[in-house]
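Visitor: Read top to bottom, the protein sequences are chains A and B.
Position one of the first sequence corresponds to residue 48 (my numbering), numbered consecutively onward.
Position one of the second sequence corresponds to residue 30 (my numbering), numbered consecutively onward.
Read the hints as simulated data drawn from the structure, not as lab findings.
Hints may contain errors.
[Unchecked claim] Covered stretches of chain B (in silico footprint by chain A; criterion: 3 or more residues with CB under 8 Å from a CB of chain A, positions within the stretch not fixed): (1) 41-52; (2) 103-109.
[Unchecked claim] Heads up, incomplete: computed chain A residues facing chain B, CB under 10 Å, no partners named: (3) Val88; (4) Glu92; (5) Ala98; (6) Ala103; (7) Arg106; (8) Ile223; (9) Gly247; (10) Val248; (11) Leu251; (12) Ala257; (13) Ala258.
For glycine and all other residues, C-beta sits at the position ideal for the given N, C-alpha and C.
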Amino acid sequence: MHRALVIARFSLLEARRSGLPWLAACALVAALGLAAFVSQVALTEGAAVQAAVCAALLRAAAVFLVAAHVVAATAREVSDKVLDFVLAFPLSRPAWYLGKLAGLAVAGGLIAGAFALPLLAWSAPAGVLAWAVSLAFESALVAAAALFFASALAQPAAAISATVGLYLLARSIGAIQAIASGPHAEATLAGRAAQIAVDGVALLLPRLDAATRTAWLIYEPPAAADLAPVLAAIAAYTLLLVAAGLFDLSRRNL
Amino acid sequence: MAFAPRRAAASDLPPPPSAAALKAASLGEPQAAARLAMLWLQAFDFSAVNEIRYRDLDYVRLIGWLGAILDTDPRSRYPLFVASRIYAEVPDPAKARAMMEFIHAEYLKAPRDRWPALAHAALLAKHRLGDLPLALRYARALRAVADEPNVPLWATQMEIFILEDMNELEAAKIMLGGLLATGRITDPGERRFLQSRLEELERRIAAGKRPPTDR
């Protein structure tokens, strides 16, 4: 446990020294600037337009920054043989993996907190808090996915593509299900098969369209009874990815 | 040979997507997608590649876009605000009516949130189109929100004054008397004004005179 915490601390230190804070700051400035510009064009609901645009951009930026950092850091460790060096010490593979993920999840949580602060200008504190907590959970999920793909796939581009693809599919699967089962869906055998396939894929994915919702910022915050299941589902999926990553790491010949 | 820019056409507005497609494209951010789509739509009349007056837009497609955006984020007031304050105020009566009917249909789905747009449509029907039966229909639909605390009394009183303008004095008198009897009107000045209107209605009914045209 102590060794895992040491790995986590160094993982967080690496994130701090890698330029990730500067990138996050640039993303924050860009999102605020674009939201301010867009709100000037809006005829009504200026604050809601600002909050919605800013929140959407910051959510995407947080996820992409975490995914890119995890994949880049893992690729660097593999190419510099750092992993082989670290595992030469009396350090178990699970301890290394869990410590690294913990540090990355904390980095993602700090980014989520920093991105949530400006939203207080337009939204109620309860809604911003729910949004920040949900984004922190989402960042941890993306970190786990990125770490798994970066460890399992040889190429960083493939790992980032897989992580981003999983994330985007998880965010849009609800809408895809609605289209597949909507009034314009074909009532043929092929249409029904497509609907079953989409429902099957949806079962395998976390429902990220129910998490980190902009509606919490511009309408009302979620009730605790509504938020808890969403966060629990994300946490469960994160644990699934961690288990997959540990299994993949344990079977590799290093 | 001098370059002549292509003249914009009403069909330049592309066909609207379905609300489901718009939601899918929003990647889990329907509120942001709806508002960005509204900004794109409202700027369509004048941009770097298009210059077309509001009244020249294809209103069938325009209403389709507004409906899809509203379905994407049903709680947003932006689409109906633009529909009532801009697109329904065009000089083309047919297009104005089409937009007002769209506003009326959407109001019926969520009266408590969408009454401002219908109230404005009722005013447009009365003062711009001069269509008192249409204005009365919209004003009567506002009865559904008569007891809501955030709905101002002028919106729920519109039906009375439209009935008066239509010379349906008895109906107007009954409605106005009922409104005064509810006790909702607490402001003394407003109560005096409405009471005087009621007394005037009674005099006119008695005298059988036509209502004044100026208000």
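Visitor: Each hint should be assessed against the structure and marked as holding or not.
Guide: Against the structure, the hints come out as follows:
1. Three residues within the 8 Å Cβ limit are the bar, and the region 41-52 of chain B against chain A gives 4, so the coverage statement holds.
2. Taking a C-beta to C-beta cut-off of 8 Å, the region 103-109 of chain B contributes 4 residues in contact with chain A, enough for the three needed, and the coverage statement holds.
3. A least Cβ separation of about 6 Å between valine 88 of chain A and chain B falls short of the 10 Å threshold, and the interface hint therefore holds.
4. For glutamate 92 of chain A, the suggested interface contact is upheld, since its CB lies about 5 Å from the closest CB of chain B, less than 10 Å.
5. Contact between alanine 98 of chain A and chain B, as hinted, is supported at the beta carbon level, the nearest pair being about 9 Å apart and thus within 10 Å.
6. For alanine 103 of chain A, the shortest C-beta to C-beta distance to chain B is roughly 4 Å, which falls under 10 Å, so the interface hint holds.
7. Look at arginine 106 of chain A: its Cβ gets to within about 8 Å of chain B, closer than 10 Å, so that hint holds up.
8. Because the smallest distance between the Cβ of isoleucine 223 of chain A and any Cβ of chain B comes to about 6 Å, under 10 Å, the interface hint for this residue holds.
9. A least Cβ separation of about 18 Å between glycine 247 of chain A and chain B goes past the 10 Å threshold, and the interface hint is therefore violated.
10. Of the supplied interface hints, the one on valine 248 of chain A is violated, with its beta-carbon coming no nearer than about 14 Å to a beta-carbon of chain B, more than 10 Å.
11. Below 10 Å, beta-carbon pairs count as interface contacts, and leucine 251 of chain A has none with chain B, the closest being about 17 Å; its hint is therefore violated.
12. Interface restraint check: alanine 257 of chain A against chain B, minimum CB-CB distance 8 Å, threshold 10 Å, status holds.
13. For alanine 258 of chain A, the shortest C-beta to C-beta distance to chain B is roughly 8 Å, which falls under 10 Å, so the interface hint holds.
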